[in-house]
Structure formats: C-alpha cells, structure tokens
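*Asks:* Here's the letter readout for the chains.
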Amino acid sequence: MIDNKTFMIAGIIIAILIGVVAVFLASGDPDGLESTAFVVQGEKTLTGASPEDGDAEAIGLGTFEYDAPLPDYSMEGAGKIGDIIALIIGVLITFALILGVTWAITSKASKS
Amino acid sequence: MHIPDAFIPLPQAAVYWLIAIIFIALALKWARNELNEEKMPLIAVLAAGIFAIQAFNLPVGMGTSGHLVGGALAAIVLGSPYAAVFILTIVLIIQGVIFGDGGITTMGANVINMGVIGGFVGYYSFKGIKKAIGNCYVSAGIAAWLACLIPALACAVEMFIAGTFPLVPGIVAMGTYHALIGIIEGIITAGAIYLIHTTRPDLMSLEAGGAAA
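Here the protein sequences line up with chains A and B, keeping their order. Every position in the first sequence, counted from 1, becomes a number in our numbering once 6 is added. Every position in the second sequence, counted from 1, becomes a number in our numbering once 199 is added.
There's no promise every hint is true.
[Said to hold, decoys possible] A short, non-exhaustive set of chain A residues, derived as facing chain B with CB atoms under 7 Å:
| # | residue |
| --- | --- |
| 1 | 21 |
| 2 | 30 |
| 3 | 39 |
| 4 | 45 |
| 5 | 47 |
| 6 | 66 |
| 7 | 67 |
| 8 | 70 |
| 9 | 77 |
| 10 | 91 |
| 11 | 94 |
| 12 | 104 |
| 13 | 105 |
[What the hints assert, rightly or not] In silico negatives: residues of chain B with every beta carbon more than 12 Å from chain A:
| # | residue |
| --- | --- |
| 14 | 244 |
| 15 | 278 |
| 16 | 328 |
| 17 | 330 |
| 18 | 333 |
| 19 | 334 |
| 20 | 395 |
Hints listed in this document are in silico derivations from the structure and should not be mistaken for laboratory results. It should be emphasised that the depicted structure is a prediction, and the values quoted were computed from it without experimental measurement. Backbone N, C-alpha and C define an ideal beta-carbon position, used for all residues, glycine too.
Full structure from sequences and hints, please.
*Replies:* What follows is the structure in structure tokens.
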C-alpha cells in the first residue's frame with residue numbers, strides 16, 4: 007500500500023516514462039486503420055510492407071480540416087526533444103484535465 | 200484506430216457525435232455518482248497512463264503498428280463501462296485538439312468505438328469470462344483483446360457506411376491487424392491490473408479486486 011500522493015506521482019512518472027520510451031522505440035509504420043486504408047487503395051497487400059510516403063487519408067471524402075498545435079505528438083523542427091516535450095505536455099494536460107473535470111462535477115453534486 | 204476528419208463525411212460524423220454525446224452525458228452522470236476524492240488519484244493516473252500508452256505505436260508486423268486503447272483497462276479497474284467512456288473521451292479530446300490524432304468532426308465516432316464499444320465489450324466480457332474461468336488476470340487479458348478487436352470491426356463498418364473502405368476488405372484488414380494489436384493489449388491490461396492491485400488494492404472495483412484475492 008502506498009499513499010495517494012505517492013501513487014499519483016508514481017503514476018505520472020510511469021506514464022511519462024512510457025511516453026519517452028515511445029519516442030525512441032515506437033514503430034513508424036502506419037496504424038491498423040491507416041494500413042487498412044492503404045490496403046483498400048491497393049497500395050499495400052494485407053501482409054506486405056506499407057508504402058514509405060503514402061497518404062493514408064487520400065481515400066477520405068471528408069472536407070473538414072484542422073491544424074493541431076502539436077501535430078503527431080511532435081514540435082516542428084525540434085526533433086526528439088520536441089517529441090518528448092510534446093508527450094510530457096500531453097500526459098500532464100490529460101492528468102490535469104481529468105482531475106479538473108472530476109473535481110468540477112463531483113463538487114457540484116455535493117452542493118446540490 | 201483514430202479516425203481522421205477525412206474519413207467520414209460531415210452529416211454522418213454529426214450522427215456519431217449525437218450518439219456519443221448521449222453516452223458522454225451518461226458517463227458524466229456515472230462520474231458524479233461514483234467518483235469521489237478517494238478515486239480521483241486512480242482515475243487521473245489511468246487517464247495519463249492511457250494517453251501515454253496510446254502514443255506508443257508497437258510494431259505488429261505486416262507493415263503495420265498498433266497502440267493500446269485502454270478501454271477495457273479503465274472499465275475493469277473502475278468497475279463500469281462508463282469509466283472507459285469518461286476517460287477515453289478526455290483522452291480523445293486532448294489527442295484530437297492538441298496533437299491532431301483523430302479528427303474533430305470524427306471525434307464522436309472515435310468516442311463510440313474506443314470508449315463506448317471498447318468499454319462495454321471490455322467490461323461485460325470480463326465479467327462473463329471471469330465467471331466461467333475464475334482467473335481475474337486471464338479474463339482481463341481476453342476481455343481486453345475483444346475490446347480492441349470489436350471496436351476495430353465497428354470502425355470498419357463505419358468506414359464502409361462512409362464510403363471510405365469497401366466492406367469485406369476493410370473488415371478483413373482491420374480485423375487482422377487489431378487481432379494482433381489486441382494480443383499486446385491483453386497482456387498489458389492484465390499486467391496493469393496486477394500492478395494496481397498490488398500497489399493499491401483498495402482502489403480497485405470489488406469485482407476485479409475480489410477475484411484476484
């Protein structure tokens with residue numbers, strides 16, 4: 007048994023470690039959905055390699071576009087350091103946002 | 200399996216959003232009733248951990264990678280499918296808005312696949328399998344495998360409705376890749392449950408915790 011504070015700090019450290027390891031070890035291959043997009047476009051066989059510079063989203067008919075501030079978990083031009091910073095930002099924002107939302111809805115419930 | 204904006208036309212994306220909002224509302228209701236200060240560390244650590252593991256694309260061969268979803272993990276540890284909806288919604292919002300992983304218009308569909316379908320499949324298959332075989336960790340592993348595979352198949356059907364993928368090749372490819380990704384998901388889910396159970400057994404929902412004792 008460890009106390010709440012230790013549990014949270016350990017949890018955040020584990021999450022950040024997973025993220026940092028991911029920066030160096032994560033596969034550059036497209037994910038299952040993108041791979042499927044290549045397969046159905048005939049750019050990839052089911053078990054074959056994925057095209058190096060293919061655009062998985064070329065097949066889509068959607069028109070909406072949005073530019074994220076840290077696209078693909080990276081900072082433009084900042085290399086691996088940028089990737090690590092992006093992931094740490096992500097872990098901390100996730101942690102803070104869910105605590106904030108949980109706090110907001112549970113404290114409202116306690117008032118009513 | 201984060202669906203980008205390009206993959207679903209707007210009218211259909213709106214329908215998925217509407218369905219997702221209903222489940223998000225139910226998840227918020229669950230959170231208001233079930234969460235308290237004692238559970239806040241667990242839910243916050245789970246969310247941060249799920250964000251991190253989703254960023255880790257593991258090679259599964261065949262020119263493809265996959266990352267864990269975490270829906271089954273959240274639902275089993277917190278004892279409700281709505282826990283998965285709640286956590287995955289927050290994670291998907293951050294991924295979509297800040298990192299461009301998963302679209303904005305398609306976020307509703309992503310919440311349905313990974314949060315709702317993943318959470319419900321993960322939770323109820325865990326309960327059923329545990330009843331049949333007894334072992335909490337094996338049950339969680341199989342449930343997590345299903346909670347990875349079935350949302351992927353749902354996603355393939357959505358892609359067919361959207362006109363993006365043909366039905367059968369889409370199902371075959373999505374099913375093949377996520378059956379493999381799901382094996383990793385199953386192992387990690389069982390491991391994470393073991394880890395939480397060892398460090399803080401009091402935080403686990405009774406069903407998951409009691410079975411392992």
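*Asks:* Which numbered conditions among the earlier hints are violated in the structure presented, ordered from lowest to highest?
*Replies:* The structure breaks hints 2, 5, 10, 11, 14 and 20; every other hint is satisfied.
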